[in-house]
Amino acid sequence: MALLELHNVDAFYGRIRALRDVSLHVNEGEIVALIGANGAGKTTTLRAISGLLQPGSGSIRFAGEDLRRCTPDAIVRRGIGHAPEGRRVFARMSVRENLELGAYTRRSKADSARDMAGVLETFPRLRERLGQKAGTLSGGEQQMLAIGRALMSRPRLLMLDEPSLGLSPILVQTIFGIIGEINAAGTTVLLIEQNARQALALATRGYVLEVGRVAQEDTASRLLASETVRAAYLGA
Amino acid sequence: MDVFLQQVVNGLSLGAIYALIALGYTMVYGVVELINFAHGDVYTLGSFFSLAILAALGVSGELHGAALLGVVVVTVLAAMLLCGIVGVLIERLAYRRLRNAPRLAPLITAIGMSFILENVMQLWRGPSPVPFPPVIPNPGVTLGGVTVTTKEGLAIVLALGLMVALQLFIANSKLGKAMRATAQDREAAQLMGINVNTTIAATFLIGSALAGAAGFVSGVYYGTTWFFNGFQAGLKAFTAAVLGGIGNIAGAMLGGFSIGLIEAIATQYIPAGAQWSNVVVFSVLVLVLIFRPSGLLGEALPDKV
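Protein chains in written order, with the working numbering: chain Z, 1 to 236; chain X, 1001 to 1305.
No wet-lab data here; the hints were simulated from the structure. Watch out, some of these pointers could steer you wrong.
Computed Cβ-Cβ distance ranges for the label pairs, DEER-style [to be verified]:
hint	chain 1	residue 1	chain 2	residue 2	range
1	X	Glu1062	Z	Lys109	21 to 31 Å
2	X	Ile1111	Z	Pro124	46 to 56 Å
3	Z	Arg20	X	Ile1111	37 to 47 Å
4	X	Phe1282	Z	Ile16	40 to 50 Å
5	Z	Ala63	X	Ala1066	40 to 50 Å
6	Z	Asp111	X	Gly1144	52 to 62 Å
7	Z	Glu85	X	Leu1005	52 to 62 Å
8	X	Gln1275	Z	Gly14	48 to 58 Å
9	X	Phe1169	Z	Asp111	51 to 61 Å
10	X	Leu1289	Z	Lys133	26 to 36 Å
11	X	Ile1111	Z	Gly177	51 to 61 Å
12	X	Ser1283	Z	Lys109	46 to 56 Å
13	Z	Gly135	X	Asn1197	21 to 31 Å
14	X	Asn1197	Z	Thr122	27 to 37 Å
Which chain X residues face chain Z? A few, computed with CB under 7 Å, are given here [as the list claims (entries may be wrong)]:
hint	residue
15	Leu1093
16	Asn1172
17	Gln1190
18	Leu1191
19	Met1192
All values reported here derive from a predicted model rather than from experimental measurement. Even for Gly, the Cβ is constructed at its ideal location relative to N, Cα and C.
Work the whole structure out from these sequences, hints included.
Rendered as structure tokens:
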């Protein structure tokens, strides 16, 4: 059974229909990439899963439970971590406080402390900046903080919205390497990327969104080889 | 010089009351970007609750020693709790469903809430000023020609104590961190698993409780209270919050004490100062809005939307 399953999800911003009949699933242990142009509905899909946007119709199920009536905080408690578009770190709080807030739903302080040590091992740059205000970090460091913060809730499913946006090519390599490690350590990943080639190289499967609907769905390697995907998203 | 220092003491005790009220304005603005115009009336309610509690305790005159301390602690805590509950109810009943409405809607609702509270208080305790029992003995300490009465000392010590407690709570507790996170970015806070409804309710609880404490302090300080007290005190505390930088907690404290000092000193040194002190205070508001709209400690933040 799929860990996450969206069935015919519609979503609206006011009267504008942002998603039409989106159906997708993510199996336990997979990395699934959502690719598509700006405005195709990738971010909206993640927002609907996180409960930030109430879908108009359709069903969203996580680990067999219906998420549709859940508030965003209840969805986090069920095991979905979301590093949102634009990083959204708490700029006027320290790096340490940002990470602590990531562990807000956790009961045990000892567990959170161990996870924080793990996150700092993954992102040594953050260790150097623990006492610094998050707003003073560089873009790459903020991205690391956003991912680290989402990991602090120890999610079963980690959703990443454009983790490579605005980063140098070397840092993009690093971040993608880390996403692979996080997945190898047992976290399922749903990934949105502009950088479709890199995302598909890492992913198990992928979905191509076009104007709010799923246009294509396949294994990552087949999408990488597909003529239409190559022409539209891989610049080749 | 003695006269000046005496006015500083007066200003600080007056400012302690403004600062306690200003904290509620600024905390609520910080998390929901609403000027809660009913807040001044919650402060008045605090003085009426204090009166009711003192009556229930059977206190009608001066107290000393342990009895005084006990009565003050019980009355302040009870007034804080009751005002806190009123604040939470106001948010739940009036503001929550308007959270995503255009900003004018909750603002007008807040003014409506203010009228409702004023009228309820007028029905409850009548349209005339109500005397406060003279619980606190008058004499205080005189230091080099400057007298600090027990009431003034109480106002300043209580306000400072509550402010330190508030600062520690906001900086270190889990809920305090959740409040700051919600104030900075509500959606991102939700993605941390923070229940924003609970967090916003807690903000109203704490802000209103501080107004309740201020209500008690002002009752013993002035020896009287009135259903319409909160209108002017609320406006002055709001001025204090804007002066300090709305949304900034340290700013509200600084602004409160500044407004108290400005008012006391204007009263002393401007001819017919008692009549002019309000003009001076609200001129400060106008000047701040013109020259430093982000306030003394506020950061110039870009609008969120």
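Do the hints match the structure? See the list:
no.	hint	verdict
1	X:Glu1062 x Z:Lys109: 21 to 31 Å	49 Å, violated
2	X:Ile1111 x Z:Pro124: 46 to 56 Å	53 Å, holds
3	Z:Arg20 x X:Ile1111: 37 to 47 Å	43 Å, holds
4	X:Phe1282 x Z:Ile16: 40 to 50 Å	45 Å, holds
5	Z:Ala63 x X:Ala1066: 40 to 50 Å	59 Å, violated
6	Z:Asp111 x X:Gly1144: 52 to 62 Å	58 Å, holds
7	Z:Glu85 x X:Leu1005: 52 to 62 Å	57 Å, holds
8	X:Gln1275 x Z:Gly14: 48 to 58 Å	53 Å, holds
9	X:Phe1169 x Z:Asp111: 51 to 61 Å	24 Å, violated
10	X:Leu1289 x Z:Lys133: 26 to 36 Å	28 Å, holds
11	X:Ile1111 x Z:Gly177: 51 to 61 Å	56 Å, holds
12	X:Ser1283 x Z:Lys109: 46 to 56 Å	51 Å, holds
13	Z:Gly135 x X:Asn1197: 21 to 31 Å	27 Å, holds
14	X:Asn1197 x Z:Thr122: 27 to 37 Å	33 Å, holds
15	Leu1093	20 Å, violated
16	Asn1172	10 Å, violated
17	Gln1190	4 Å, holds
18	Leu1191	5 Å, holds
19	Met1192	5 Å, holds
Hints 1, 5, 9, 15, 16 from the earlier list are contradicted by this structure; the remaining hints agree with it.
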